[in-house]
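*Asks:* Given only the sequences and the hints, what does the whole structure look like? Please build it.
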Amino acid sequence: MQQKAGERRRNETVGQEACEREVIVNGETCSTAASTLADLIEELGYGERRIATAVNGQFVAGSMRAATAIAAGDSIEIVAPRQGG
Amino acid sequence: MNIIDTNAVSRGEGASDVLRLYGEAVGSRLLLGTAQYPSPDILGASVSHSGTEIVTVSLRREAAHGGGGERFFELIRSWGVRVLPNTAGCRTPKEAINTALMARELFETPWVKLEVLANDDTLQPDVFGLVEAARELVAQDFQVFPYTTEDLGVAERLMAAGCEVLMPWGAPIGTARGLANPYALKTMRNYFPGVPLVVDAGIGAPSHAMQAMELGFDAVLLNTAVAKAGDPVQMAAAFGAAVKAGRTAFLAGLMEPRDMAAPSTPVAGTPFFDLEAKR
Chain A
412 MQQKAGERRR NETVGQEACE REVIVNGETC STAASTLADL IEELGYGERR
462 IATAVNGQFV AGSMRAATAI AAGDSIEIVA PRQGG
Chain B
119 MNIIDTNAVS RGEGASDVLR LYGEAVGSRL LLGTAQYPSP DILGASVSHS
169 GTEIVTVSLR REAAHGGGGE RFFELIRSWG VRVLPNTAGC RTPKEAINTA
219 LMARELFETP WVKLEVLAND DTLQPDVFGL VEAARELVAQ DFQVFPYTTE
269 DLGVAERLMA AGCEVLMPWG APIGTARGLA NPYALKTMRN YFPGVPLVVD
319 AGIGAPSHAM QAMELGFDAV LLNTAVAKAG DPVQMAAAFG AAVKAGRTAF
369 LAGLMEPRDM AAPSTPVAGT PFFDLEAKR
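Protein chains in written order, with the working numbering: chain A, 412 to 496; chain B, 119 to 397.
I should point out that these hints are in silico values taken from the structure, not numbers from a laboratory. Ideal Cβ placement from N, Cα and C applies to all residues, glycine included. Among the clues, some could well be false.
Unchecked claim - Examples of chain A residues lying across from chain B (beta carbon under 10 Å, computed):
1) N437
2) G438
3) I452
4) G456
5) Y457
6) G458
7) R460
8) R461
9) T464
10) A465
11) A472
12) I481
13) V490
Claimed, not checked - Across the chosen pairs, the derived CB separations fall in these ranges:
14) B:R179 - A:M475: 11 to 21 Å
15) B:G186 - A:S442: 24 to 34 Å
16) A:A478 - B:M277: 30 to 40 Å
17) B:N299 - A:E431: 47 to 57 Å
18) A:S474 - B:P156: 30 to 40 Å
19) B:D259 - A:G438: 26 to 36 Å
20) B:P290 - A:G438: 22 to 32 Å
21) B:R195 - A:S474: 16 to 26 Å
To be verified - Residues from chain B that face chain A, not an exhaustive set, calculated with beta carbons under 10 Å:
22) V173
23) N216
24) Y309
*Replies:* Following this line, the structure appears as structure tokens:
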């Protein structure tokens, strides 16, 4: 997942606390400046879509995403309803 | 001798014979999966023609540029059916538990079809992980529909863990082999007369579903047999009819099988009877 060029330049000007970190989202490595799961969801562009999330294998309720910190190396699952048997 | 005590098997209240799952009255004894249909329209028509009131669903990774999940959710809602989310693909209790938690938030239901799988070739239940996950999910107020085997020991442990429904397989998922071990299923039916039992997996033809219902099972769950049929909509209708016919036959009481022939037409009054012997 590519970081937008504008975001990279903004991060470089605001200092260490906004530096990018590598995380794994749905099995793919990507860089993010987000410090919380809610920020990551917004940064990735999910909007208000119906999704559910887990961090490092543990479910994180929608109401807890803003309070859930994201660290480098974290594995995040973002799932949505799908057909199933 | 037929070991099924048909009078002991649970029936609906009064004359309506309505199925109850975790206290919910369900009008159809066919549960239908939603995967692998040629199109959303065919899926919707199949759901309608089957008469089902419960469909199984799953949850899967979705990219930010996707959006199919939202559309699918709206589609299900338009059918007016209940959803039974599954934990398909989960190999450990942790995966299954967290998948169930995500599913409950997504689909807004405490129901979960619990799958914890042991083997990629057979997709057979990991019965140890299944019991462990069931116990934890019941503790977290889920209403668990465990996909299990015919093993009575496992079934007892699932009941002790708080499951009020059992879903033994007919045959491995997607094999269309029907009831691979009807003798064990019969035993299970007799062993848990008051428990809703749903045969889930391996069904290929309406005759398989009817056989399960004739054994006294409370319902049947299937997916591939309809989705991969030549005409899924017609096949869905066929399965709906088969499940109803099987239930009616069970309630009517099947005759006992026997080894030697017994004439159906009365012997008394047969013309030319015994004349050769008297000449």
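*Asks:* Compare the structure with each hint and give your call.
*Replies:* Outcome of the hint check:
This hint holds: N437 (chain A) has a C-beta 4 Å from the nearest C-beta of chain B, less than the 10 Å allowed. With a least beta-carbon distance of about 7 Å to chain B, the hint placing G438 (chain A) at the interface is held under the 10 Å criterion. About 9 Å separates the beta-carbon of I452 (chain A) from the nearest beta-carbon of chain B, less than 10 Å, and the hint is met. Taking 10 Å as the C-beta cut-off, the interface hint given for G456 (chain A) holds, the closest approach to chain B being about 4 Å.
Satisfaction of the interface hint for Y457 (chain A) is found here, the shortest Cβ-Cβ separation to chain B being roughly 5 Å, below the 10 Å cut-off. Interface restraint check: G458 (chain A) against chain B, minimum CB-CB distance 9 Å, threshold 10 Å, status holds. Annotation: interface hint on R460 (chain A) holds; nearest CB of chain B at approximately 6 Å, less than 10 Å. Restraint check, R461 (chain A) versus chain B: the minimum CB separation of about 5 Å is within 10 Å; hint holds.
Contact between T464 (chain A) and chain B, as hinted, is supported at the beta carbon level, the nearest pair being about 7 Å apart and thus within 10 Å. Contact between A465 (chain A) and chain B, as hinted, is supported at the beta carbon level, the nearest pair being about 5 Å apart and thus within 10 Å. Because the smallest distance between the Cβ of A472 (chain A) and any Cβ of chain B comes to about 6 Å, under 10 Å, the interface hint for this residue holds. The closest approach between the C-beta of I481 (chain A) and any C-beta of chain B is roughly 16 Å, which is over the 10 Å cut-off, so the hint fails.
The beta carbon of V490 (chain A) is positioned within 10 Å of a beta carbon in chain B (closest approach about 4 Å), and the interface hint is therefore held. R179 (chain B) and M475 (chain A) have their C-beta atoms about 20 Å apart, which keeps the hinted 11 to 21 Å range intact. Taking the beta carbon of each, G186 (chain B) and S442 (chain A) are about 26 Å apart, inside 24 to 34 Å as hinted. The hinted window of 30 to 40 Å between A478 (chain A) and M277 (chain B) holds, with their beta carbons roughly 38 Å apart.
Between N299 (chain B) and E431 (chain A) the C-beta distance comes to about 56 Å, which sits within the given range of 47 to 57 Å. The hint said 30 to 40 Å for the Cβ distance between S474 (chain A) and P156 (chain B), and at roughly 38 Å that hint holds. A hinted range of 26 to 36 Å holds for the C-beta pair D259 (chain B) and G438 (chain A), which are about 30 Å apart. About 27 Å separates the C-beta atoms of P290 (chain B) and G438 (chain A), a value consistent with the hinted range of 22 to 32 Å.
Separation of R195 (chain B) from S474 (chain A) is about 22 Å and conforms to the stated range, judged on CB atoms against 16 to 26 Å. Because the closest C-beta pair between V173 (chain B) and chain A is about 9 Å apart, less than 10 Å, the hint holds. With a cut of 10 Å, the hint placing N216 (chain B) at the interface with chain A holds, because the nearest CB-to-CB distance is about 5 Å. Checking Y309 (chain B) against chain A by beta carbon gives a least distance of about 27 Å; that is not within 10 Å, so the hint is violated.
Checked against the numbered hints listed earlier, the structure breaks hints 12, 24; every other hint is satisfied.
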